[in-house]
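715 is the number of the first residue of the sequence shown in our numbering; add one for each residue after it.
Hints were generated in silico from the structure; no laboratory data involved.
Watch out, some of these pointers could steer you wrong.
Unchecked claim - Computed Cβ-Cβ distance ranges for the label pairs, DEER-style:
{"hint": "1", "residue 1": "Asp1464", "residue 2": "Asp1223", "range": "51 to 57 angstroms"}
{"hint": "2", "residue 1": "Gly1112", "residue 2": "Ala1624", "range": "52 to 58 angstroms"}
{"hint": "3", "residue 1": "Glu1290", "residue 2": "Val856", "range": "50 to 56 angstroms"}
{"hint": "4", "residue 1": "Val1368", "residue 2": "Asp1887", "range": "15 to 21 angstroms"}
{"hint": "5", "residue 1": "Gly1307", "residue 2": "Glu1139", "range": "45 to 51 angstroms"}
{"hint": "6", "residue 1": "Ser980", "residue 2": "Pro1365", "range": "51 to 57 angstroms"}
{"hint": "7", "residue 1": "Glu1305", "residue 2": "Ser1635", "range": "48 to 54 angstroms"}
Said to hold, decoys possible - For lysine to aspartate or glutamate, the following EDC-like pairs were computed, each having C-alpha atoms within a straight-line distance of at most 16 angstroms:
{"hint": "8", "residue 1": "Lys1898", "residue 2": "Asp1470"}
{"hint": "9", "residue 1": "Lys754", "residue 2": "Asp725"}
{"hint": "10", "residue 1": "Lys1893", "residue 2": "Glu1374"}
{"hint": "11", "residue 1": "Lys1898", "residue 2": "Glu1374"}
{"hint": "12", "residue 1": "Lys754", "residue 2": "Glu806"}
{"hint": "13", "residue 1": "Lys1893", "residue 2": "Asp1352"}
{"hint": "14", "residue 1": "Lys809", "residue 2": "Asp725"}
{"hint": "15", "residue 1": "Lys809", "residue 2": "Glu1356"}
{"hint": "16", "residue 1": "Lys1893", "residue 2": "Asp1470"}
{"hint": "17", "residue 1": "Lys809", "residue 2": "Glu1346"}
{"hint": "18", "residue 1": "Lys1898", "residue 2": "Asp1300"}
{"hint": "19", "residue 1": "Lys875", "residue 2": "Glu776"}
{"hint": "20", "residue 1": "Lys1893", "residue 2": "Asp1349"}
{"hint": "21", "residue 1": "Lys809", "residue 2": "Glu833"}
{"hint": "22", "residue 1": "Lys1893", "residue 2": "Glu1377"}
{"hint": "23", "residue 1": "Lys875", "residue 2": "Glu753"}
{"hint": "24", "residue 1": "Lys1893", "residue 2": "Asp1300"}
{"hint": "25", "residue 1": "Lys875", "residue 2": "Asp909"}
{"hint": "26", "residue 1": "Lys1898", "residue 2": "Glu1372"}
{"hint": "27", "residue 1": "Lys809", "residue 2": "Asp745"}
{"hint": "28", "residue 1": "Lys1893", "residue 2": "Glu1819"}
{"hint": "29", "residue 1": "Lys1893", "residue 2": "Glu1331"}
{"hint": "30", "residue 1": "Lys754", "residue 2": "Glu719"}
{"hint": "31", "residue 1": "Lys1898", "residue 2": "Glu1331"}
{"hint": "32", "residue 1": "Lys1898", "residue 2": "Glu1326"}
{"hint": "33", "residue 1": "Lys720", "residue 2": "Asp824"}
{"hint": "34", "residue 1": "Lys720", "residue 2": "Glu761"}
{"hint": "35", "residue 1": "Lys754", "residue 2": "Glu776"}
{"hint": "36", "residue 1": "Lys720", "residue 2": "Glu766"}
{"hint": "37", "residue 1": "Lys809", "residue 2": "Asp1349"}
{"hint": "38", "residue 1": "Lys809", "residue 2": "Asp1329"}
If you're wondering where the values come from, they're calculated on a predicted model, not measured in any experiment.
For glycine and all other residues, C-beta sits at the position ideal for the given N, C-alpha and C.
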Amino acid sequence: MSDPEKWSAEDPTLYTLVLELVPLDKPDSKDDPCEVLLEKVGFRAYESERGELSSTWHVNGEAMNIRGVNRHETDPDYGRYVPIETLRTDFEVMKRFNVNSVRTSHYPNDPTFYRLADEYGIYVQDEINVETHWWEQMAANVDVFDEQMLTRWRRMVQRDKNHASVFVYSTGNEAGTGPPHLAMAAYNLGEENADRIPDTFEAYHLSGADDADRVGEELDLEPRGVDTTRQLYHQPNGGGWTIDYSDMLGPRYPMPDGMVSEGDGSGLGDGLRPVMMGEYNHAMGNSLGLIHEMWSEYIQPPVRQARDGAGENDGVLIGNPEVTGDGQIVFQGDDHIEVLGIEGIASSESGFTVEIVVREITDGTPLVVADGYALAVSDDGIEFSVGDASVSASAPDGDGWHTLVGVYTGDELQLYVNDEQVGTEGHSGEDLEASSDLWIAGDPNTDNDTGVTLDSVALYDVVPDGDEYSSPGDATLSYDFAELARDKSLQGGWIWDWVNQDLNDETEDGEPFQFYHLEGPDGAFCLNGTLWSDRTPQPEMWELKKSHQPVGFAARAVENGEIYITNYFGFTDLDELDVTWELTADDETVESGELDLDVPPGETCSVTVPFEEPDLEAGVEYWLDVSACLTEATDYADAGHEVAFEQVAVPFDVPDPETESIEDMPALSVSESDETITVGGESFEYAFDTELGTLASMEYNGTELLDRGPLLNAWRAPIMNELQDWGGAQAPDWYDAGLNDLNYVVESIDVDQPEDALARVAVEGFAEGTAEDEGLVTPDSSSTEADGVLRGSPEIVEGVSGSAVALDGEDDYIEVGTPDALDFTEPGFTLEVTFQGIDDAEHGPLVAKGDYQYALKTAGGDAFEFFVYDGNWVSMQAPIPDEAREGWHTLTSVCADDEFRLYLDGERLAAESHSIGNIDSSGAPVRIGQNADQDRYTETTIDSVAVYDTALNDEELATEFDEPPENAVLWYDLDEFEEAEDEGYGPGFATRYTYTVFGTGEIVLNVESDPNDRLQSAISGWLPKVGVQLELPESFGEFEWYGRGPQETMPDRKWGVRVGRYSGSVADQYVPYLPPQDNGNKAETRWAAVSNDDGVGIAASAHPEMHVSLEQYANLDEANHQYELEERGSIGFNLDHAVTGVGGTPTTPLPEYQVQPETMAFTVSLRPFANEDPMELAKRRLPKPNRE
715 MSDPEKWSAE DPTLYTLVLE LVPLDKPDSK DDPCEVLLEK VGFRAYESER
765 GELSSTWHVN GEAMNIRGVN RHETDPDYGR YVPIETLRTD FEVMKRFNVN
815 SVRTSHYPND PTFYRLADEY GIYVQDEINV ETHWWEQMAA NVDVFDEQML
865 TRWRRMVQRD KNHASVFVYS TGNEAGTGPP HLAMAAYNLG EENADRIPDT
915 FEAYHLSGAD DADRVGEELD LEPRGVDTTR QLYHQPNGGG WTIDYSDMLG
965 PRYPMPDGMV SEGDGSGLGD GLRPVMMGEY NHAMGNSLGL IHEMWSEYIQ
1015 PPVRQARDGA GENDGVLIGN PEVTGDGQIV FQGDDHIEVL GIEGIASSES
1065 GFTVEIVVRE ITDGTPLVVA DGYALAVSDD GIEFSVGDAS VSASAPDGDG
1115 WHTLVGVYTG DELQLYVNDE QVGTEGHSGE DLEASSDLWI AGDPNTDNDT
1165 GVTLDSVALY DVVPDGDEYS SPGDATLSYD FAELARDKSL QGGWIWDWVN
1215 QDLNDETEDG EPFQFYHLEG PDGAFCLNGT LWSDRTPQPE MWELKKSHQP
1265 VGFAARAVEN GEIYITNYFG FTDLDELDVT WELTADDETV ESGELDLDVP
1315 PGETCSVTVP FEEPDLEAGV EYWLDVSACL TEATDYADAG HEVAFEQVAV
1365 PFDVPDPETE SIEDMPALSV SESDETITVG GESFEYAFDT ELGTLASMEY
1415 NGTELLDRGP LLNAWRAPIM NELQDWGGAQ APDWYDAGLN DLNYVVESID
1465 VDQPEDALAR VAVEGFAEGT AEDEGLVTPD SSSTEADGVL RGSPEIVEGV
1515 SGSAVALDGE DDYIEVGTPD ALDFTEPGFT LEVTFQGIDD AEHGPLVAKG
1565 DYQYALKTAG GDAFEFFVYD GNWVSMQAPI PDEAREGWHT LTSVCADDEF
1615 RLYLDGERLA AESHSIGNID SSGAPVRIGQ NADQDRYTET TIDSVAVYDT
1665 ALNDEELATE FDEPPENAVL WYDLDEFEEA EDEGYGPGFA TRYTYTVFGT
1715 GEIVLNVESD PNDRLQSAIS GWLPKVGVQL ELPESFGEFE WYGRGPQETM
1765 PDRKWGVRVG RYSGSVADQY VPYLPPQDNG NKAETRWAAV SNDDGVGIAA
1815 SAHPEMHVSL EQYANLDEAN HQYELEERGS IGFNLDHAVT GVGGTPTTPL
1865 PEYQVQPETM AFTVSLRPFA NEDPMELAKR RLPKPNRE
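Build the full structure now, drawing on both the sequences and the hints.
Listed below in structure tokens is the structure:
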């Protein structure tokens, strides 16, 4: 064929190939063949670059992001057999939710899958079935499975090599790295890539393998070239995915900064290949909380930005300038960068300097242009102008890089080329004001015809000295474009994973339910889907769709209708979509229209949406909503299906609502007794319970609105990410602190009525969790004075020369806390512990500051291990000598500037070099015998513990100290113990509630909470939430809110849906995650209302916003299956000031989405209503009377 139409996921063009078998000895039988085969084939080219920071993977010559999912073959009725109808449903849901790729985790799929991937347009990573999981070193250490693995590889490649959708073959998931993997790669690779097959054991990137002589042993490692048209990929744990034959770097479950480090080469990889995450954003239960950060900031932001290295004045790339090399940008035609809204740059008062490094300049190219000055290439050469004055010089010769500098001193213009001054011109620019906008490689006043390559641009608000140029100091604007090159190589990946793997079953009573195991090594790890097993999308899917959307929108000057639009398609112009817009005022559309766009793939442009500023109403939010939809029906969606959207707040100068007058409100009556405080008005009566310190009743027009009033709440039923050791297991701390069952103590209640129509009730008290036994305390003899507290029930036994502490490996440990002296953030410290007994557990922490800073531990009973965390775990191990299994021994780990060292009884066991700069600082406490992040314990006996803030050398380690030296920052002899002093309340919060009741029946509630030291010590990471919870009558079944919706949203997973007004039943707000867990949160809620069938209810609002959720079950944190849930008999109405995000199982929520145990204050308003509009009620502004 000559120049066929190309296949891609955007346009999966297939040709029909017919093969007829005709017997040679019967030429007349051509019209009657003995066999006919029909196949659908597509033509496409897959290529992957390597060697530069900006390397990318291409489809038909265009860089393409992988918007992928890992997918198991699973069906709730048929198990591992997936009917074709379900397969089609999978593909159609993928396409509707902007998924363009599948990794066949972790085995080749049913052949029908590939035919449908060809048909629908899905890029497939075809993965061999060789996973060994817990025994990853097997392939490297033994040869018995070599031929089986190679046979599976050859079969997969030969079977699937004609499918257009297959773009990469994976040499295996979690099967380590060994000779059979090299042989797989050799089978596919051609002679030109023979150097990608490592010939040394070290090149495996695998620790823990035993036999270095296994490289190439009895295996054919000569390139065979069987399929050189596709890429290769490798997915072991522990960094082996960086092996040379892999065309992409495939990190697994990185945090956003970990992903970025692979792109720039500061992580495990070399940064010189495309980065496609093999597994990321683990979606167990209520999850997928990091995908927005990864995509909107790095992989596919709404607009590509040139980040300002000197501040926050990021520029926007307009057109489609090409980022190349390690951070250079090639501009052609209309391409340019615009930087808007700069403050205080380049004025005549101080003078300024413009510096740019360029090559390949075309005449007439504007280099840097701002209001009042420019550095450009004219027909006469290089020109620098300020106001109406200019200085010019000949353009530099040669094709290399050139540094061009324009300087304005306040009275003179100076021009430098390659550090030499080439021209001056006197000029007094008294009228030059600081520019607020800047254009790079473009000029807003002319039609651009740019032709230049830039390496860097910098502006300084100072000027250099002398005739030779050198940088005059710190830049006020600085762009070197290296981050753009790095981000270009970040091409997405495959989330874990597509669909839950439960099975349909029935209880003994015949009630349907979903069957799954919760115990054992797999546990709930079959429930990681973004779809339920019946293929209904979970709320995470809307966030996935938004992050993956191939059209980006961002504000430019949105109050004037100006926005940016970026086309992230590879082959589709935006004129193939219907792009519409709406201007809304709260929940009402005030203007709408269509945008006629012609934006080619890869380009960004600015567009003006032609709306008029409406008559602005007090207290109203105005939004610009832009939507891109299919113009025609496809085989997966109807015409009008939304592909992408953005909702942008329009910053009109909206007036505030007028404040209500207290004088115009009806008077209140206030009465008090020992048990009750009653506040009454014309249509309501509220009763406060003096023992509980909250409202016991809110009666409005004869209807009771409350079962119980607001009380501080810091609890949510743990999501699966908070229960898994792999995810940090925060929930055990929460249970131990008693956050699930706070006891409310009232210390004082003050009542006053400063106005006839205003009453105030102030309640001070304490919300107390579970008080642990005080335990024994052992003194710290170092200057840190971080006395240790024995937790659990450890036994005091005989030690080396005094006593020791025996830990049972179940719940015993010694609490050290979080002293600053132990918060090591750079190398240069030593950990030492004298112990007896080796725990055979996989992880046996001896001294640990959580899982994300540092620890000294045993590993599987076979090795001693020391690690630090710098965004990745950096560790070293040493085998445990047989003699260490009996008697007392001292284990020491040293973290020096350039190496780790392990010692046993003063003798060096191992040393290993490292290149760590900084160590992450975590909030986890230091604990002896327990890892606070992972809730892991050690069965051993501890005689003493010492920590030094220096890296001890061999001589110092041989010294026996009679008392703590100056460099000791922790020193436990464990010979002295005393009962801990009674600290009063257990872990919890000091609280103050101030209720201000108005004559209209409205209540403004101010809440102050202050966690005590015991709570802060008990919580190793963060709190679930902080807010208040009300109990409403069960008859209140209708729910309405103004905020993100209609789907559930979480703090770190909320951008996939719009802010709007939504309503539904209370029952419908429950999200049936498996197993049951916290659900149904509504983020960025302005107001929410719950009412009965008569339209009577209670509305709550917050300024500016809050989180809202409803609780309907009494045992949500205890039930393992949906059928086990029990009605609570009321509705828990949660009004939360702060809620922790969900993260992604092994990747915790980002710090900005973690609720820290710290002092908080917030306000919510409560309003009874009867058939009134809660939107209008929420806009009422009540006066703020002074507190007495």
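Self-check item: In rising order, the numbers of the hints this structure does not comply with
Solution: Structure breaks hints 6, 12, 13, 16, 18, 19, 20, 22, 25, 27, 31, 32, 33, 35, 36, 38.
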